[in-house]
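Chemist: Residue numbers (the numbering used here), protein chains in the order written: chain A, 1 to 283; chain B, 1 to 264.
Among these hints, one or two may not hold up.
Pair by pair, the computed Cβ-Cβ distance ranges are [stated by the list, open to error]: (1) A:66 - B:165: 43 to 49 Å; (2) A:180 - B:164: 27 to 33 Å; (3) A:125 - B:76: 49 to 55 Å; (4) B:183 - A:2: 53 to 59 Å; (5) A:188 - B:26: 45 to 51 Å; (6) B:161 - A:18: 32 to 38 Å; (7) B:170 - A:249: 41 to 47 Å; (8) B:120 - A:249: 56 to 62 Å; (9) B:164 - A:249: 39 to 45 Å; (10) B:116 - A:114: 32 to 38 Å; (11) B:66 - A:18: 53 to 59 Å.
It is worth saying that the hints were derived from the structure and are not from the lab.
A virtual CB, placed ideally from N, CA and C, is assigned to each residue, including glycine.
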Amino acid sequence: MGVIETRNVTYTYPGAAKPSIVDVSLNIEKGEFTLITGPSGCGKTTICRCFNGLIPHFYQGEMKGETIVAGLNVSEHPIYELAKHVGLVFQNPENQLFALSVEKDVAFGLENLGVPREEMRKRVDWALNLTEMYDLRERAPSELSGGQQQRVAIASVLAMQPEVVILDEPTSFLDPLSAKKIFEVIRDLNRKLGITVVLVEHRLDLTARYADHIIVMDEGKVALDGDPHEILRSEEARLIGIGIPKATRLYQILKKDGLKLGNTIPLSSEEMASMLTEALKDG
Amino acid sequence: MSVFSGLKFRKVSSPIHNLDPRVKFVYVCAIFVVAILFSEMLPLVILFLIQIPFVLLASVEREWLRSMRGAAFLATIIFLTNIGAAFFRDGYVLTAPSVESAVAMTLRFMVLVESFSVFFLTTSPDHLGLALEQTRVPYEFVFAFTTAVRFVPVLAEEAQTIMDAQKARGLELERGNFLKRIRNYIPILIPLIIGAIRRSLELAEAMESRAWGATKKRTNLYVLKMQRGDFVLIAITFGILVIAIYARLFVRIPTVNELLRSLP
Ligand SMILES: Nc1ncnc2c1ncn2[C@@H]1O[C@H](COP(=O)(O)OP(=O)(O)O)[C@@H](O)[C@H]1O
Ligand SMILES: [Mg+2]
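For reference, chain A alone in the conformation it holds in the complex (with noise of 0.2 Å):
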């Protein structure tokens, strides 16, 4: 079993007419790294709220299925127990920072479990220094730019020391070169750390390279789930209109021209490069 597992998932908001995800089942195994792409408002937020008990918990609404996370079903453990295990990291850098200093945020969480304080101090640390952020440890919130204070919010989350890392968009407030920084720091999670990280992206051209496992949302369902490769060739992406890599889809054009090129799909411009490179010689 995987550390998150949906089964059969349909929600309501309270009030709405229809439901903003439908019978969604998937399964993200421990230390992947999963990308979640899909049109805006195809309920990646959605799934995002449920995989921390904020569905059906914060929002209430109708909720059928269960969601397993860590072990736990969701339903069945307050929001607060299952933060142990799983952090969120939202789309909005500025509101989900509370405290005068970055700091302060950081060890935010811990003080809410009533972790000692020498404890504390070494987890703070230990999160500002991953993020690289350490050296500004003493700075309001409101004195860093949004990829700065975008970082603090994966140091607070990260300071929880949990199994499961998600972001919802981290980067859709923030320039390309920030962006950039974010999603390395997210990479080194997965790699350096072996958190599991499920990322919710359009940007697919930065971070289709890192990923191991790829969910396409579309109209509140499950659309294509599977290896990035397959899924990033597919007719049916394509259509769905995700943010297919510049690299992919230059592949797609060239061997449809009938150059001769590899098998293996190109995620990232580098590797599309070399592919280049390679048939330029042969050629």
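Following the hints, complete the assembly by docking chain B with the ligands onto the known chain A.
Modeler: Below, chain B with the ligands without anything else, positioned relative to chain A:
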């Protein structure tokens, strides 16, 4: 943004800023009590002067002067009321004692303003929140306080953005009579309020996700520990109280008039 720049608390470090807010608060209260104890001019002058070293040590002279100037209007009213009352009471004459007593009343007010402003000018909201928390104020209140401080500059910036956007669409704020002018602000207030509500929902969601309310026994990254400076301030406070009570009970306090006349 200049209008709102005063709302931000700048982090500064000085011997006064580093004092335990609880001790500072006790000091302020002691000054408060002593100021009420005396209605003579001389001790109130002394009380006013005693605080100036604190202002200098904390190097908040400019901010302090600003708050003194802010209090000047009320101080003038207090002075005029007192002197006017004495003028009518004494049969339309101004006597030296009644002028002195009016000055004393005004000074008393200034001392109160002064000590509170020294407290707030030298205590970061963070520090204050911590002090509240460690005096067993329920954490919900402390959190509401620090979050409000955190979001004041954010909301101020948002208000400015909305104002600029609406002005760019032709909204004229300074147009019309009084009522019309108030109505002009509606297109600014509504987006601001809606934005604040949306923001508070997102904040609540983020708080929940970070284990808000997990345990009643919350811990804290920081702990307030009394240091040497705090003990010095306690001693000073105690000294002031003892001297004041002694003077009140056993010393006849000369008026400034008498004091001046006794000089050679
Ligand atoms: N708090 C909410 N209350 C009611 N409906 C909502 C709420 N949040 C999202 N929805 C609706 O649920 C659907 C899916 O939204 P969402 O999960 O935010 O999509 P995405 O994150 O993929 O853009 C949308 O139709 C949206 O209008
Ligand atoms: Mg979303």
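Chemist: Verify the CB-CB distance for residue 116 (chain B) and residue 114 (chain A) against the hinted window 32 to 38 Å.
Modeler: 35 Å, holds
Chemist: Can you let me know if the beta-carbon spacing of residue 66 (chain B) and residue 18 (chain A) is within 53 to 59 Å?
Modeler: 58 Å, holds
Chemist: Can you let me know if the beta-carbon spacing of residue 161 (chain B) and residue 18 (chain A) is within 32 to 38 Å?
Modeler: With a Cβ separation near 35 Å, residue 161 (chain B) and residue 18 (chain A) satisfy 32 to 38 Å, so the hint holds.
Chemist: How does the Cβ-Cβ distance of residue 125 (chain A) and residue 76 (chain B) compare with 49 to 55 Å: does it lie in that range?
Modeler: Roughly 54 Å apart at Cβ, these two residues keep to the hinted range, so it holds.
Chemist: If you check the beta carbons of residue 183 (chain B) and residue 2 (chain A), does the distance land in 53 to 59 Å?
Modeler: Once the Cβ atoms are compared, 58 Å apart, the range 53 to 59 Å for residue 2 (chain A) and residue 183 (chain B) holds.
Chemist: Tell me if the beta carbons of residue 164 (chain B) and residue 249 (chain A) are separated by a distance inside 39 to 45 Å.
Modeler: 40 Å, holds
Chemist: Okay, residue 180 (chain A) versus residue 164 (chain B) on CB: inside 27 to 33 Å?
Modeler: At roughly 31 Å between Cβ atoms, residue 164 (chain B) and residue 180 (chain A) fall inside 27 to 33 Å, so the hint holds.
Chemist: Look at the Cβ atoms of residue 188 (chain A) and residue 26 (chain B) and judge whether their distance stays inside 45 to 51 Å.
Modeler: Since the Cβ atoms of residue 188 (chain A) and residue 26 (chain B) sit about 49 Å apart, the hinted range of 45 to 51 Å holds.
Chemist: Hint says 41 to 47 Å; check whether the CB-CB distance for residue 170 (chain B) and residue 249 (chain A) agrees.
Modeler: 45 Å, holds
Chemist: Return holds or violated for the Cβ distance of residue 66 (chain A) and residue 165 (chain B) against the range 43 to 49 Å.
Modeler: 46 Å, holds
Chemist: Does the Cβ-Cβ separation between residue 120 (chain B) and residue 249 (chain A) fall within 56 to 62 Å?
Modeler: With Cβ atoms ~60 Å apart, the hint holds.
Of the hints listed earlier, there is not a single one the structure fails to meet.
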